[in-house]
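Mind docking chain B on chain A? Use the hints.
Listed here are the chains, written in short residue letters.
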Amino acid sequence: MKRILLMGNPNVGKSVVFSRLTGVRAISANYPGTTVEFTQGDMMLGAEKALLIDVPGVYGLEAACKAEEIAVMMLKEADAVINVVDSTNLERNLHLTLHLLEQRLPMVVALNVWDDARHQGIQIDHRKLQELLGVPAVPTVAVTGEGIKELVEHLAAAPTPVHDVMTEEQRWTEVGRIVSEVQTLTHRHHTLGELLSDASVRTETGLPIAAFMLFLAFAGIRMIGEGLIAFIFDPVFDLLWKPMLVRLSASLDPSGFWHELFIGTLVGGEIDFVQSFGLLSTGLYVAVTMVFPYVLAFYLVLSLLEDFGYLPRLAVLLDTLMHRMGLHGWAIIPMLLGLGCNVPGIMATRVLESARERWIAATLVSIAVPCASLQAMMWGILGHHSAWYVAGVYGTLFLVWIVLGWILNAMLKGMSPELILEIPPYRMPSPRAIGFKMWTRIQQYFKEAVPFVLLGVLIVNLLNRVRVFDIVADALGPVVMRLFGLPQEAVLALVLGFLRKDIAVGMLGSLNLEPKQLIISVTVLAMSFPCIATFIVLARELGLLGLAKSMAVMITASLAAGILLNLAL
Amino acid sequence: MPLDQAKNNQPLLVVAIEGGHQIHHRLKSLGIRPGVLIEKISGRAGSGPVVVRHGRSQTAIGHGVAHHILVEISK
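Line by line, the protein sequences give chains A and B.
Mapping to our numbering: the first sequence position 178 is 178, numbers consecutive.
Mapping to our numbering: the second sequence position 15 is 15, numbers consecutive.
Everything labelled a hint here was simulated from the structure, so no lab data went into it.
One or more hints might be untrue.
[Claimed, not checked] A few chain A residues that face chain B, going by a derived Cβ cut-off under 8 Å, partial list only:
1. G57
2. Y59
3. G60
4. E62
5. A64
6. E91
7. R92
8. H163
9. T167
10. V201
11. V316
12. D319
13. L419
14. Q488
This structure is a prediction, so every number in the text was calculated from the model and none was measured.
Don't be surprised by glycine CBs; every beta carbon is placed ideally from N, CA and C.
This is chain B alone, in the form it adopts within the complex:
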């Protein structure tokens, strides 16, 4: 499911990142790449940015980009 539609406060696994090379690269250099565990701290399904925690970092991601990050709930 796209990251913007995931629920807050649960561990998520990044499965794939769609979209252009530029966005791909920027997310990757911040440490968000397939196979990484993240947790959504804030953001809602309709609009607005999403904030995720990954490792010791927090990153804010615009809604459009968040829609291109595919995640699944991690068990």
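So here's chain A without its partners, still in its complex pose:
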């Protein structure tokens, strides 16, 4: 099968072109021996099936960063190249194009976001460009699909360019010459989008805009999440899943091992999805019905913000703050992802340059960034008392995030690297690209998180049967009681919460604790041991030593937070 590479600068709509060419059946993979991720899928080239590889966005082929190194390696095994170019930014994009032409592979150029270029008063003579480059140059609007068919037709018969290798300086000179020949600019005033763009990176105007955007985002997530639960997930679970479980329950001995493992204890003679604690009852219900709708809502809103182009601006605004934590502004991305599920959040720390940054960011995500599941727990325990208590826990976690980051940065040797980040123009998100992104993230949630969450449920149920947790709780009880000001029963909930936050919710809820005690236990639960899925991904990303250090920090930090809250409140 022919291997075709899809290449271009970051933020040129490459992934939209990819989804146009392949449809939804694409898989993400890591390049062997690296953590750089790429996507591949099948496309039709005439009657022939070919493999299309979405290469990470690069600005050049000098192998100056991991992504470029991999792009260079991939080129060695490629049969043809589709170079996606941002028509509104021809000059910068053509640098890579010229570099690619030197590889002497059959190639076509997609002049993408052609519609935006026209709106901005940029005219490009694409026939002239085609002549100068020696390969086909096709205007495309990937979001609507315009030009994609022509692109594929030209690819099937793409010529191999015969360009000589140039030096960097020669390349830039050549780019300048080509641009002056093919591009005419019509003068125009700043558009509303540009004014908004400038306003959102200036501190004075940017911070109010950020606050407004985040408020909108959270309101949207809550509305969509609750809507999905009330109108789709709860009814489906009740109508389809419950009858099957009832039948299974009836066929098992209610006091036997298997019943307790799968169904749990019956509450008032019935299966209670929140309080039975079985693998197939509460375990599945929490992961699929309580948490998944929020994960879905969260990633929908985040993908919209991402494709609209807001996130780089947020990164600029937060750069100064993040520097105090040994990170730079772009590290806000893993943190945001972590709010949905910590697993993709920790995996996203790969975008950071140094091992030091990745460790700090991953540790902070696992300790101070509450995932959708933890947030559901926070609301579940504290929400009906007062939303202010929930806000108190969010506020505490935010403080922990900043203070802990600051401490880690001060303690660890090394410097925080500097931000160098392109800020793309604001664009209307494409439903297709959003759908594609959601699909990969949902797959990730079900593949990398849910199985381990269920595994955690299994382990807890088994250990609970031999009363391991009671022994641990008895041993730790007196100490924790004095430090956190919590009763003995709450300690058992905290210990169980290491692996099953859902059980902890049920147990804490039935203890009639004071608000202060609830806030302390919820905060400690949120900060202490992450779920098994997070644990495993931390080990994978940081190594066992990194994980051990991270856990030491976690234990110290949650103890300190519990004690301080007990003293302060």
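The following block gives chain B in isolation, referenced to the frame of chain A:
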């Protein structure tokens, strides 16, 4: 003068880029190199990132790197 100390909203000419090869290269591949006209959109002298417009692109540059980009006011 270093870019971080330049005023906002005026055309600047990049004169030189100091610092390591890596930074040099990343800026260059984004299109920021000596001889290019840029405009500073945001950023202050003390701290924080600098955002510049060059051609049709905008790039955010950490304060430390911005300090190594030498510019002069273009007439």
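Taking the hints in turn, this is what the structure says about them:
| no. | hint | verdict |
| --- | --- | --- |
| 1 | G57 | violated (11 Å) |
| 2 | Y59 | holds (3 Å) |
| 3 | G60 | holds (4 Å) |
| 4 | E62 | holds (6 Å) |
| 5 | A64 | holds (5 Å) |
| 6 | E91 | holds (5 Å) |
| 7 | R92 | holds (4 Å) |
| 8 | H163 | violated (19 Å) |
| 9 | T167 | violated (12 Å) |
| 10 | V201 | holds (5 Å) |
| 11 | V316 | holds (5 Å) |
| 12 | D319 | holds (4 Å) |
| 13 | L419 | holds (4 Å) |
| 14 | Q488 | violated (50 Å) |
In summary, the structure is inconsistent with hints 1, 8, 9, 14 from the numbered list given earlier, while agreeing with the others.
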